[in-house]
Amino acid sequence: MTTLTKKISELFTKDIEIVEVKAKPYSNPYLTGIGLGLVLLLSFVIMGRGLGASGAMSSLIAYGVQTVAPEHAQSNDFYKEYIGDGTTNPLKDWLVFEVLGVLVGGFISGTLAGRIKIRVEKGPNIEKSKRLFFAFAGGALMGFGAKLARGCTSGQALTGGALLNFGSWIFMIMVFAGGYAFAYFMRRQWL
Amino acid sequence: MNAPFYKFGYFNSDISLVIAFLIGVGFGFALERGGFGSARILAAQFYLSNMRVLKVMFTAIITAMLGVYYLGVIGFLDVKLIYMTETYVLPQAVGGLILGIGFIIGGYCPGTSVVSFATGAIDGFMFIIGALFGIFVFGEIYPLISNFYTSTNLGVVRLPEVLHISYGLTVFLVVIMAIGAFALAEWSEKKFAFRNPENER
Numbered sequence: 001m002t003t004l005t006k007k008i009s010e011l012f013t014k015d016i017e018i019v020e021v022k023a024k025p026y027s028n029p030y031l032t033g034i035g036l037g038l039v040l041l042l043s044f045v046i047m048g049r050g051l052g053a054s055g056a057m058s059s060l061i062a063y064g065v066q067t068v069a070p071e072h073a074q075s076n077d078f079y080k081e082y083i084g085d086g087t088t089n090p091l092k093d094w095l096v097f098e099v100l101g102v103l104v105g106g107f108i109s110g111t112l113a114g115r116i117k118i119r120v121e122k123g124p125n126i127e128k129s130k131r132l133f134f135a136f137a138g139g140a141l142m143g144f145g146a147k148l149a150r151g152c153t154s155g156q157a158l159t160g161g162a163l164l165n166f167g168s169w170i171f172m173i174m175v176f177a178g179g180y181a182f183a184y185f186m187r188r189q190w191l
Numbered sequence: 192m193n194a195p196f197y198k199f200g201y202f203n204s205d206i207s208l209v210i211a212f213l214i215g216v217g218f219g220f221a222l223e224r225g226g227f228g229s230a231r232i233l234a235a236q237f238y239l240s241n242m243r244v245l246k247v248m249f250t251a252i253i254t255a256m257l258g259v260y261y262l263g264v265i266g267f268l269d270v271k272l273i274y275m276t277e278t279y280v281l282p283q284a285v286g287g288l289i290l291g292i293g294f295i296i297g298g299y300c301p302g303t304s305v306v307s308f309a310t311g312a313i314d315g316f317m318f319i320i321g322a323l324f325g326i327f328v329f330g331e332i333y334p335l336i337s338n339f340y341t342s343t344n345l346g347v348v349r350l351p352e353v354l355h356i357s358y359g360l361t362v363f364l365v366v367i368m369a370i371g372a373f374a375l376a377e378w379s380e381k382k383f384a385f386r387n388p389e390n391e392r
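So the protein lines, in turn, are chains A and B.
Its first residue numbered 1, the first sequence is counted upward by one per residue in the numbering used here.
Its first residue numbered 192, the second sequence is counted upward by one per residue in the numbering used here.
Keep in mind that a hint or two might mislead.
[Stated by the list, open to error] Sample of chain B residues facing chain A (criterion: CB under 10 Å; computed from the structure): (1) K198; (2) I253; (3) S307; (4) I320; (5) Y333; (6) G371; (7) L375; (8) W378.
[Claimed, not checked] Listing some non-contacts, in silico: residues in chain A with all C-beta distances to chain B over 12 Å: (9) D85; (10) G86; (11) D93; (12) P124.
Hints in this document: simulated from the structure, not taken from any laboratory.
On a predicted model such as this, the values are computed, not experimentally measured, just so you know.
Every residue, glycine too, gets a C-beta built ideally from N, C-alpha and C.
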């Protein structure tokens, strides 16, 4: 009997070994950077514009506000920029489709490398619930800052950086300054 | 001059949405390959132990920058037709600072949070909800801050014009600066290797 259970449990552990896909290490950062740069260059050549991310989120918010309170949205210049004259759906937007692509591209890459995993990204010294609160709070600051700066790391730092846009370089330097200045206070979350 | 293709009317706006999706797939794929679906790796940039953010970003910037420059020189790409946001010095500086603080607190930026969510990070999902909330707050108080938002406007202005040097020399200096930054990054990754989350794998 004991040998039988031993055999069964051995069978299971073997199965687990087969099923468990080991996550591959991330790619060389310089090669990844060249790949990313070529995607950006392709966007410049084909579309005459760069990449973005926060703009798509703005379209989503503008669409939501327009649906719930159309008059309120129309009276606000910020929402109006995304809604337009009201004849086209704000979600039928270049950046919205691009970000849907980001979602799919990230999933494909993660699947190929065995890196799809339900998880919470955090350091070992913080509880999950706190980490999730910080993710929300940081996201809120990020959303606000990105709108004030007219773009985020994609639209300003990456795209504007490559185009030598003066405002984008100011922005980029300040992003790093903000991150490094505040890193000390956040060390419990990450280290 | 043949490019940008869209500006020369080679295809309509519906096709442009298909292209948007495909370019997005390439963007998301590259971000995930680079490790940008992981908040721990992104945040480690600010503890000097994992410099992927700097390496990937600056390699991408110089790749695209050199491409735009040389395609312009050979007369294939009309650089002036590429859309650029106008510079607003103060709002962009303050916005960048807030965004940087949000980066170290939240662990992502908008693009990378989408990739992390796509690979199953719950904190990435929370970050997206937070970013949407932040944009909503911005929209609601926009009438109060629109004066600041539109202040210190310099119009569309590039680094060569600010520095009073040629486009080519600016490109060259950025490449030199990036190579210097890469050397520093390699050095600091060695020095702080003991707390690099990538080494735990």
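Evaluated hints:
| no. | hint | in the structure |
| --- | --- | --- |
| 1 | K198 | 4 Å, holds |
| 2 | I253 | 7 Å, holds |
| 3 | S307 | 7 Å, holds |
| 4 | I320 | 6 Å, holds |
| 5 | Y333 | 4 Å, holds |
| 6 | G371 | 15 Å, violated |
| 7 | L375 | 13 Å, violated |
| 8 | W378 | 15 Å, violated |
| 9 | D85 | 15 Å, holds |
| 10 | G86 | 17 Å, holds |
| 11 | D93 | 8 Å, violated |
| 12 | P124 | 9 Å, violated |
Hints 6, 7, 8, 11 and 12, counting from the list given before, are not met by this structure.
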